[in-house]
Structures are given as structure tokens and as C-alpha cells.
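There are 4 protein chains.
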Amino acid sequence: MDYQSILEKIRADVTPLFGQGKVATYIPALASADPYDFAMSLQLVNGESYHIGSCEKTFSIQSISKVFMYEMALSLFEASLIGRVNVEPSGNPFNSLIQLEYEKGIPRNPFINPGAIVIADMLTSHFGNNAYDTILHYFQNCSNNFSIDIDTEIASSELESGYRNYALANLMKSFGNIKNPIDDVLHTYFNACSIRANTVCLARSVLHLANQGIDPITNNTLLCGEHSKRINALMLTCGHYDASGEFAYKIGLPGKSGVGGGIVAIVPDIMSIAVYSPALNHHGNSLIGTKALELFTRYSGHTIF
Amino acid sequence: MDYQSILEKIRADVTPLFGQGKVATYIPALASADPYDFAMSLQLVNGESYHIGSCEKTFSIQSISKVFMYEMALSLFEASLIGRVNVEPSGNPFNSLIQLEYEKGIPRNPFINPGAIVIADMLTSHFGNNAYDTILHYFQNCSNNFSIDIDTEIASSELESGYRNYALANLMKSFGNIKNPIDDVLHTYFNACSIRANTVCLARSVLHLANQGIDPITNNTLLCGEHSKRINALMLTCGHYDASGEFAYKIGLPGKSGVGGGIVAIVPDIMSIAVYSPALNHHGNSLIGTKALELFTRYSGHTIF
Amino acid sequence: MDYQSILEKIRADVTPLFGQGKVATYIPALASADPYDFAMSLQLVNGESYHIGSCEKTFSIQSISKVFMYEMALSLFEASLIGRVNVEPSGNPFNSLIQLEYEKGIPRNPFINPGAIVIADMLTSHFGNNAYDTILHYFQNCSNNFSIDIDTEIASSELESGYRNYALANLMKSFGNIKNPIDDVLHTYFNACSIRANTVCLARSVLHLANQGIDPITNNTLLCGEHSKRINALMLTCGHYDASGEFAYKIGLPGKSGVGGGIVAIVPDIMSIAVYSPALNHHGNSLIGTKALELFTRYSGHTIF
Amino acid sequence: MDYQSILEKIRADVTPLFGQGKVATYIPALASADPYDFAMSLQLVNGESYHIGSCEKTFSIQSISKVFMYEMALSLFEASLIGRVNVEPSGNPFNSLIQLEYEKGIPRNPFINPGAIVIADMLTSHFGNNAYDTILHYFQNCSNNFSIDIDTEIASSELESGYRNYALANLMKSFGNIKNPIDDVLHTYFNACSIRANTVCLARSVLHLANQGIDPITNNTLLCGEHSKRINALMLTCGHYDASGEFAYKIGLPGKSGVGGGIVAIVPDIMSIAVYSPALNHHGNSLIGTKALELFTRYSGHTIF
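Listed in order, the protein sequences are those of chains A, B, C and D.
Each position in the first sequence, counted from 1, maps to that position plus 42 in this note's numbering.
Each position in the second sequence, counted from 1, maps to that position plus 42 in this note's numbering.
Each position in the third sequence, counted from 1, maps to that position plus 42 in this note's numbering.
Each position in the fourth sequence, counted from 1, maps to that position plus 42 in this note's numbering.
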């Protein structure tokens, strides 16, 4: 089956699932997403790309931004990351404080909220209070698309209602693992989460992770090869909160989800993938997006295992 | 042995312990306390009082204020307290978030930080942003001493460095158990903790708890009899964080400690007690104060059991 | 109101509650209890006694035996108890392993299952595999009733289905806090739990705790005065699992419950109380028994606070 | 660099590390291992093999047996596994009871002790009390070596001192997630853990996982292709207890360790690897074995990411 046919077959297969799951409602801008939206994009290393659905429609990438923030941190601070954020799966929901208290303010990994907040703190120390601009620019670079922007309305809503994230940041600050003022750190963090993109652009943005850190189309080196592999490893073990194991087990590709309904995934040496469907399962991952990726690995035979 | 002799014997007995324990250092105003200070005051229901040591020297009452805040809340909101704060010992340190997350933002009791923060929230809702003034006034009333004041320097320091308390408040707000803005609630809370008093005044301030809620000297009713008993019960089971059991086991009197180094205790129908010594044991309770109360129960034979 | 009238009023008041709560069903012998049974006995220090309901009907005392086991341990091993079992409220259900793992196999107190299992281990070391006989004899002594016996059918059922208790014992043994073979220790433990008594006898069995350790009727010294007070303190802070705080708050008397439906309580210097009603609330304490004691403190005015 | 040169370079590189780490000491047979032993074997899908060190010396495979037990369970019971054991990383040590109690007796994954004990229970139900014989035979089949045997001395020692595993099994039985008598289940489990093998044989035993479930040398189908991928996914996310994330991050190959000092790893489509060095790091994984695999991926460039 060629890739376009696979995408069409996936769309047909997931159609009966529309109506299941729940759109994130904790802020108005996310709550207004259309649960019947669906898009999927394949970006091959060889330059080809395949799309289906509303692939031009932008949405909030949310936690997918954690991948780009951690890429920047790996490049800038590699050694300093030791002791500030670990690389272990958490076995807990994305915003739990329990493990964080037992482990004295050192987050399990950079893909759960407290880990990404520590990374936001490090980037804020390095780039100042406009660190989010640098993160946006890095994402634009990865996507080779300089029109991408931050949805400031979403960023403001997050700041107003993000009590759990304030709790995480304050708990870590009480352990000395946040160096900047809480408000500055969360300003960086929430703005990065509020980048809007469509699946075309999201698939393109992680293509370098399928190619040892080098964008195969522009030949820009975004990341060294070793770091690229480590990002993939981390996406595999920690990319989907407390459903990461199941994602690896059923899908077998490195990936990262966001509560906006997007998921990115990598087939090393071959392609990157983005899928969008805003209704979430109870782990906070796109229900139909997860299913679509499972079908993709079945129909294409692509897996890292 | 008469009470004054008991106080003298206690002072002699605890003298070798000076130098043990550690003064609280998380804010400068507490760190400067003199670890060799010691004071103890007995205020009898019959009006007699006995004192030893620096009983005129004021210190920060800190968590002892939780007793007065909860007294006010019991009188004002009794029924509404259900579902907002429980009355069980926590089995955990005073500022732990773990249990609070498992129990969905409902604190175990009003004498650990999250519980007192909920009470501060309720009082803030009722009295507005100057709720701490009303708390101060209630404490003055209980003490029959209207010169007592809040140490605003301490209150400011707490506000600046109280990350753990901000974490607790934000976590509870994420569960909907804080109704006012975090800053307002902690303003109330930290100001109440920053009341300064000496042992003379502290012993007097809880005398009504030895007399069914009525100040036996002024005959003012501060609390109904049933509430007075409940405060005592709560002090016995929850008054000393995760050392409450040991305090009940060894001392056998309702009591409440603060990290400023003060402890109050009640001998029902007979007297109230205040002791001060700022060096703390690893549970955050006054090391010498705890020992002094243990000696007091041994020499006086007073216990509720 | 005289005591007999109080008992009658209590029975009238609790009658509408029959049908609420659930009889323990984990072993057949407990499951067959009649949820409409009710008995209450007051045994005064002055020798008077008052009873109501089926006060001659025996039932399994279950966890109430933990009081007698700990009395024996305090008398025999006082110093050796340090480091083997603490005296803090647990804040957790009676059979939780979580805290026990975090705290490296040292139970929070002797009135939750793991604590009583450690005590059973110490008594087994001292008295050998028939330790339960010595425990029974101590209970007979306390009750001044030598016809009391162990229900061996219940003991066998417990041994067969007590997986959670086996888990607790094995976890503690992995930390080195159980010295004898697991089966021997649980043999002691389950036999002690399977003592049968009625409320007349149960009230009598704890009378010495209202009188500084001395049975006021026989003048036998069962416990030294200091130990007697410590048992009372422990019953107050830890006597009702994770509802101990509420019991202290609402009832204000030292007490201990068992899943067989019995509760004992102490009014120091005045009397001991036993109540029986087998339907349990969700904490595992007798629902109507708890209510009856709350009414008793209200009508009699007796409380330690 | 050819594979033999890589092995030699690895041996040279790890030589300075001998003396670090600690041999497992909880049973005598493991404690007697020589911490200076080292062996590494590569078994290519094309039939070639490369070895270094004491590759003929057998050792206890311990938790590596969990891979084979789960392979059998996947083939036999696939659908029935749902609800009995999950496929998520645990974020906790291999023998923790905490998560197991919170999650009501359902283990996080089959590669931590409680998960493997559930699998042992299922195999015991299916094959009876000699289930371990069938497991041994499956392992012999995978290795194409029928002289491999169980070290019964080790199995007996485990049974005698395995209190933590008894605690896990009893806790799960209290939740109804163990169907057979505890002793039968642990007999199966400990015997399977006590298989002895050398690295030549261990590398061969997992070769089918590098080849979609088919032994490429004998052409025997041991597992269907999809199951083979799932085993690899599980080894990647859960193969090294609470250091699984770090193993994926640094090494990037599916693998499974045992406290006997062995580790197996898979390079899909290319080869399987076994390494042996009995001194363990604080996670319970072979310290030098882990380092050797990290060097192997660096020198060979093999990784799944």
C-alpha cells in the first residue's frame, strides 16, 4: 500500500471513533476545538510528504513544545542538566507532585510538566524573560516556517488558571531547583506551550529527529546525532505520560503528545509524522491520534523494534 | 512540690540540653533567635500564675496561631468546614504535598500548613484582605492584652520565601479548595503566623481552653464548651505534626507547637502552660520546650489520661 | 440522668441506624454476625456496672486484643520496643503496606496490623509458639473471668485468608523486623484476635486503664501507672485506624475498636465502657458503637478534654 | 572496526571499572560470584558469533527469565493478560509494594517482580506445579541448547529468604490477582529465575527477538512477529527497573538485566548480545555490563533510534 492509501485507510478506520474521548476544557481556547477535526501528515526524509484531513488547520501544540525546549537545553547545557532533571519514565500523571516531593524537587524527565518547567527555568536564565521568543524561533527553524506564532490568548489563559503548574514550580523552588522568579519561568513555559501549528508544519518540525539531527531538506544541522537519538529514546520511554509504555508496546515509535490533540512520531531514517484530533483519552493523549498511529504502524510495517 | 519549685526544677533539668537542636533558619528574623533563651509560664484557672526565665521576651508564635484561626472558624463556619478540612492526624510532615494530592486537596487537619491555609482562605472570604487584623484582635482578646502585634518584618520574609506554602495553596486551588487569590490567602496566613508574644501572654491566651471556652478571669466566653473540647482533642492528636503521637504518649496533654520555639499546653480545668526555647528537634518542635513539658507532667502528675 | 437511663436513651437513639453499615465478611464466622445485635456495658471504678442489650452474647474481639498484647509488651520489653514499633498515628488504613515500605518496616504504632504483628513476634520470642495462651491468660486476668476462650474456628479462617497480613509480615521480615517464622508469628496474632468475649467482660477487662493500671475491684496491679496512661494516650491517637482523629474530636475518650464490632473506651478515674454492634462504617469501626459512644459523652458529659 | 575488535576495545575500556559496584549478596550462591569475571557474546542473525572473556562460564540468569516467561504468556494467554499485568514503566524499584497497593494488585509490567509473579501464576495454572520445567524447556528451545539446567541450590535459597517476594505475592493474592497457592507460584518463579547459562547461550536465546520471533539459524518460529516487537518494546521501556529510561537514553537498545550480573540486548534485524559481570550498580543492574553495552553502541553505531 502506498502512503497516501494508508492515510486514507486510516481515516476510514478511525471514523467510527469520532465522538469518543473528551476535548481538554481547562481553558476556553482549548475547549472550543472541534472534536470531529482530524489531520495526519507524513514528511519523508527524501522530501516527499503526504497529508490527509484538515492538515492546514492550526492548533495549540502544548506539550509537544517540550521536545523543542529539551533539544535546546541538550545543545546548550548538556552537562548542567545532571541533577536538575532525570531521564526516567515517571509512572505517574503529567502533573503529579507526589514523586516530585519524594525525589526532592528533581523531576523524573523533561516531558512531564515539572521537567519542562525546569528546562524553561534554564532557558529563562540563559535568554532572559523573552526566552519564549527564542524557543519560537527554534521551532520556526525546525519547521522551516517563519510564520508560525504563539497564541497569546491561550498563553494568558494558562497563566491565569495554571494552579497545578504554579504548585509544581513552587515546590521545586522550595528545593532550590528553580532559579528565576516563578512568574518569569511560567511565562516562558506557557508561551512555549501556546505555539500554534498544523500537522504539515509539525511533521516537518521533527523531521531532523528522523535524520540524526540534520534537516534533510535544508541540510541545516539542528542537533548533533547523539542528541537526536537521545530525544528519540526519551520520546519512546516518556512521550505519553503514564501511557508511554502502552504507546511503545502498541505503536513502537518515538512520539510526543500534547493536550491540544497533536502527536508527533518518528520513523528513524525514513520519516516524521504528525496527527491531530482534539478529543483525548483519560491519559490526556489524543484518542484518535493514538489509534491512527497504531494503524499506521500496522499498515506500513514501520516500527523501531 | 509547689508550681514555682517545679518550674525551677525543670529549668535545672533542661540546662544540660542547651546547645542541642537547631533554631529555624529559613527566614532571617527566626534565625537570629538566641538558642539559650528559655521561658515557661503557668496560668491557672484560679487566676494564679507562675513564671520562669525570659517570660517577658516576645517571639514569633508561628503555628500556634493555627489554634486561634481554627477557633474562629469553628465559631463562624462550623458546618461549612465539612469537606474543606478534616480532623485526622496526618502522619506526615507539616508541609507535605503528597497526602494532599492523594486526598484531592482536602487537608488532613487544620494544624498542618495546608489545613491552616484553607482556614485562612475562609477567614479571608469572611473578613476581607484585612482578615489578619481580626485574627490579631481575637488573639488579643484571648490574651486580654491589646498591645500584642504582628511582626511585619517576619510576615514579609515569609511571603518572600514561602515557596512550599505557595505550592500547597496552588495545589489546593487546583482542586477548588481555595476560593480567594493565593496572594491574599497567604497574606492572611503569614501575618497570623507572625504575631509576637511572650510566654506570659501565650499561656493566658489559651486559658479559656482549660475552662470550657470561657476566660475564667474576665468571664468572657470566647468559645462554646463543645468547641473548646474539640480544639483540645485536635491539639492532642494533631498538635505537633508527625510527632503528635509521641507528645500524647510521653506528655499526655493537648498542646500546639510553633517553629518560633513556643509550645502551649492545656491541663483541663486546672491551667494553661506556655514554654519557649527556640532550638528545634527534627520534627520542627522546640526540643527543650518538649522536654520541659514532659518533666512538668512527671513532677506535677497532671495528665488527661 | 443516671447511667441506666443514659444507656436506655442511647439504645432508643441508635435504633433508627440499624441496617446501616456492613458486617465484616472476609471470614465466614464474622459474616454470620447479626447486624441488629447491640450491647453496651459500663463498669465503674467503684464496682457498679450498668448494661443494656445482648451484653451476655460473646463476639470476636479482634483488634481490641492489640491493647492487651501491647500492655504485655510494655511491661516486658519497654526499652526494646524502641526501633521496632513507633507510637504515631498512621493516617492510613489499618493494613496498608505503603507507609511500612517507606518507613523501612517499622510500623507507625502497635494498634495497626503491622504494629500488632511485631508485638506478636516479640511475645512469640518470649513465650514460644503458645504465646497466644499467655495472651489469653492475661486477658482472663484483666477480666477476672477465666472461662473466656479463643474461637479456634475464627483463628483458622484468619490464617487461611489473611493474605494481607502475610504480606505485611513478610515485608517486615524482609526489613529484619520480624524474628520468628512468619507462620508462628501469625499463629500468635490470629489466635489473640480470635478471643471471644461479651461487653460485660470487655468493659471489665479494661477497667484497670481507668485506674492507673490497678484493677480497683481485685486490687491486682496489671500495669504500672505510667504505662496505663501511655496505653490511654495511644488509644486516643491511634485506636480507630484512620478515623482516630474523628473519634477523639467527637467523643474525646481513649478507645479501641475491632472489626468484630466491639469498641472499648475509658473515662479516666471513673469507668470503662464496652459497646457491641457488628455493622461497620467504611473505616472498619462499628457504626452504631461509635455513635453510641458519641451519645454517651454527650449525655454523661464525660470527656478527657 | 570489526566486531571482535570492538569486543576487545570494550574489555580494555571497562578494565579500570573492576572493583566498582557490588555483587548481590542476599543469597549465598550469588554472593560467591567473582566480581572480576567478564564475558560478552554477540550472536548475529546471519549465524556469525563473537565472544570475549569467560563466555563459557554459567551464571544465574535471574530476571532475564522474565522475558521468556512473558513470551510464553503472550503466546498462550494474550487476551487474558489484560487486567492482570500492565505494560507501563513503573518508576519504582523492582520489588516495591507501594505502587502495587495503590493500583490494587495489578503490577505495572511483567519485568518487575510482581508482574513476573503474576505470569508465574498464570503459567502454574496452565502447566501445573512443574511449570518451571516447561519454562526451562522453552529457554532450551530458544537457546537451541538442551543441556541448560536450573540451579536448584539457588532456587531453594531464594525460597527461604525471599520475604519481599512473598509479601508481593500475598498482597496480590489479597486483591485476587494470584489464583494458585503462594508457595506453588513462587516455586515456579524462583526456579525460572535460577536457570544457569553463559553468555554464548544467553545471546543465542534471544536471537529470535532480533528476527521477528523466528530463530534465523534453525528457522524455528518461537513467537509471532508482533509479539516479538512487543517484547522488544517492553524491554526498552521496562527492562532495567528504575534505570530503564537511562538505559534507553544512553544505549538505545531493548535489553533486560538480572541481578546475577547478566544483561541481554537486541539490535533488531542484526544481532543479539549478552554480557556478564556480576558487580551491580545501585539500581541492581550489572555496572560493567551496562557500561560495556554503552560502549558497544558507541563503537558499532547500532541503536534503534
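Treat the hints with care, as some may be off.
Which copy is meant is left open, so a pair is good if it fits within one copy or across any two.
In silico DSS-like pairs for lysine-lysine, Cα to Cα no more than 25 Å straight-line [stated by the list, open to error]:
no., residue 1, residue 2
1, Lys146, Lys292
2, Lys146, Lys64
3, Lys99, Lys146
4, Lys221, Lys51
5, Lys64, Lys292
6, Lys64, Lys99
None of these hints come from the bench; they were simulated from the model.
Computed from a predicted model, the values in this text were never measured in an experiment.
Right, here's what the structure says about each hint:
no.	hint	verdict
1	Lys146 to Lys292	between (33 Å within a copy, 24 Å between copies)
2	Lys146 to Lys64	between (34 Å within a copy, 21 Å between copies)
3	Lys99 to Lys146	neither (41 Å within a copy, 37 Å between copies)
4	Lys221 to Lys51	neither (50 Å within a copy, 42 Å between copies)
5	Lys64 to Lys292	within (22 Å within a copy, 36 Å between copies)
6	Lys64 to Lys99	within (19 Å within a copy, 56 Å between copies)
Hints 3, 4 from the list above are not met by this structure, while the remaining hints are.
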